[in-house]
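Chemist: Here's the letter readout for the chains.
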Amino acid sequence: MTREEILNELKKVIAPYTTNKEMLDGINDQTDLIRDLKINSANLVDIIIDAEAKYNIEIDYDSADKMINVGSCVDVIYEKLNQE
Amino acid sequence: MTGTGCDIVALKAINVDRTKQANFYSKIIITAEKSLYDEALSAVVPFEHFVWLAWSVKESVYKFLQRGNPDLVFSPSKINIKKLTVPAPIPSFKVETEGQGFDNNRVYSGFIMYGDQQFYSRSTLNNDLIFSVVNDVDDFTATYWGIKKIDSSEPDVQSAAVRIFILNSLNSLFPGEGLRIEKSPYGYPMVFQNDTELPVIISFAHHDLWVAYSFMLNS
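Each protein sequence line maps, in turn, to chains G and S.
For the first sequence, the numbering used here begins at 1 and goes up steadily by one.
For the second sequence, the numbering used here begins at 1 and goes up steadily by one.
Treat the hints loosely; a few may be bogus.
With a straight-line cut-off of 30 Å between C-alpha atoms, the simulated DSS-like cross-links for lysine-lysine are [unchecked claim]:
#1 K12(S) <-> K66(G)
#2 K183(S) <-> K20(S)
#3 K34(S) <-> K21(G)
#4 K20(S) <-> K38(G)
#5 K12(G) <-> K82(S)
#6 K80(G) <-> K34(S)
#7 K66(G) <-> K34(S)
#8 K11(G) <-> K83(S)
#9 K12(S) <-> K80(G)
#10 K78(S) <-> K38(G)
#11 K183(S) <-> K54(G)
#12 K54(G) <-> K38(G)
#13 K12(G) <-> K12(S)
#14 K78(S) <-> K54(G)
#15 K82(S) <-> K11(G)
#16 K83(S) <-> K21(G)
#17 K20(S) <-> K54(G)
#18 K12(G) <-> K54(G)
#19 K149(S) <-> K21(G)
#20 K78(S) <-> K12(S)
#21 K80(G) <-> K183(S)
#22 K83(S) <-> K20(S)
#23 K21(G) <-> K183(S)
Some chain G residues near chain S, calculated using beta-carbon distances under 7 Å [said to hold, decoys possible]:
#24 A15
#25 P16
#26 E22
#27 K38
#28 N40
#29 I47
#30 I57
#31 Y61
Note that these hints are calculated values from the structure, not bench results.
Since the structure is predicted, the reported quantities are computational estimates derived from the model, not experimental observations.
C-beta: ideal position from N, C-alpha, C; glycine also.
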């Protein structure tokens, strides 16, 4: 998968956890999950688990720690997909 | 350094089945914390409550630390709960509750390590919520806190409600006009009265229909 394809799929993973749908449509690498998309921190683990299931990957502690904005989420998923 | 950090979890908003799945809870608690639960807490605390109690304690530690280390990334696996003391049964909360300090017989008391730094926590848990506050000394007598139920889970409403809630409390200590909260460039909250930053360290949290705060006077 390309980064763009991952980003498009990632929007579907994030969608249930944000009420800021307008911002979701226009997300880019710098979009912060908590500050910009208003996702409650308690849902960050949900996003990681949903991403693991969607892409059939395992996201370890250190990688999960990096997933604070859209760009870092895409990077982690891209890296894990290419390790498979 | 002495400060505060707090977090609240609305239990009606958590997914109980998902929380019990190993691939979920293992992102929040480490093996030693699972053992702590199995050996000392499983008879009195449902596992899903323990997982979110651990989350709230760890996020509170992160908020405490983030004030002095703006680039810190929240990493639950690196904030380790070493000890957790269970209280006597806790009565239900009113919709709005505020206090200074805690009755240690009515709260979960925790001891936490982050690297070589030690932290202490006080948490309350009932059918509705988990609320945690941390400090780097085992003394919460100077910690003010509050919990309140609101009518909407919209982020903008939560954000406004928690600010009004804490400002009302601060106004009794800092009478007069012009009290306001601003976020620092690094994301932590600060209190101003007109153009002067007040010597108060504050933390606030919201989840679903609950908002909460803690603060200490920085003397």
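Chemist: So, N40(G) near chain S? Judge it on the closest CB pair being under 7 Å.
Modeler: Holds - the Cβ of N40(G) comes within 7 Å of chain S, reaching about 6 Å at its closest.
Chemist: Can the restraint linking K20(S) and K54(G) be considered satisfied, given a maximum Cα separation of 30 Å?
Modeler: 20 Å, holds
Chemist: What's the verdict on K12(S) and K80(G), does the C-alpha distance respect the 30 Å limit or exceed it?
Modeler: 33 Å, violated
Chemist: K149(S) and K21(G) were given as a pair; does the straight-line alpha-carbon distance stay at or below 30 Å?
Modeler: Holds: K149(S) and K21(G) sit about 26 Å apart, inside 30 Å.
Chemist: Do the alpha carbons of K20(S) and K38(G) lie within 30 Å of each other, as the hint requires?
Modeler: Holds. K20(S) to K38(G) sits at ~25 Å (cutoff 30 Å).
Chemist: Does K20(S) lie within 30 Å of K183(S) when you go C-alpha to C-alpha?
Modeler: The hint is violated at about 35 Å.
Chemist: Could you grab the alpha-carbon distance between K78(S) and K54(G) and see if it respects the 30 Å cut-off?
Modeler: 26 Å, holds
Chemist: With a cut-off of 7 Å, does the beta carbon of P16(G) approach a beta carbon of chain S closely enough for the hint to hold?
Modeler: This interface hint is violated because 11 Å lies over the 7 Å limit.
Chemist: Do the alpha carbons of K34(S) and K21(G) lie within 30 Å of each other, as the hint requires?
Modeler: 37 Å, violated
Chemist: Do the numbers back the hint for Y61(G), that is, is its least Cβ distance to chain S under 7 Å?
Modeler: Check passed: Cβ of Y61(G) comes within 4 Å of chain S, closer than 7 Å.
Chemist: Check the hint pairing K80(G) with K183(S) against an upper bound of 30 Å on the C-alpha distance.
Modeler: 35 Å, violated
Chemist: For the restraint on I47(G), tell me whether the closest CB of chain S is nearer than 7 Å.
Modeler: 11 Å, violated
The structure does not agree with the numbered hints 2, 3, 5, 8, 9, 11, 15, 16, 21, 24, 25, 26, 29 and 30 stated previously, though it agrees with the rest.
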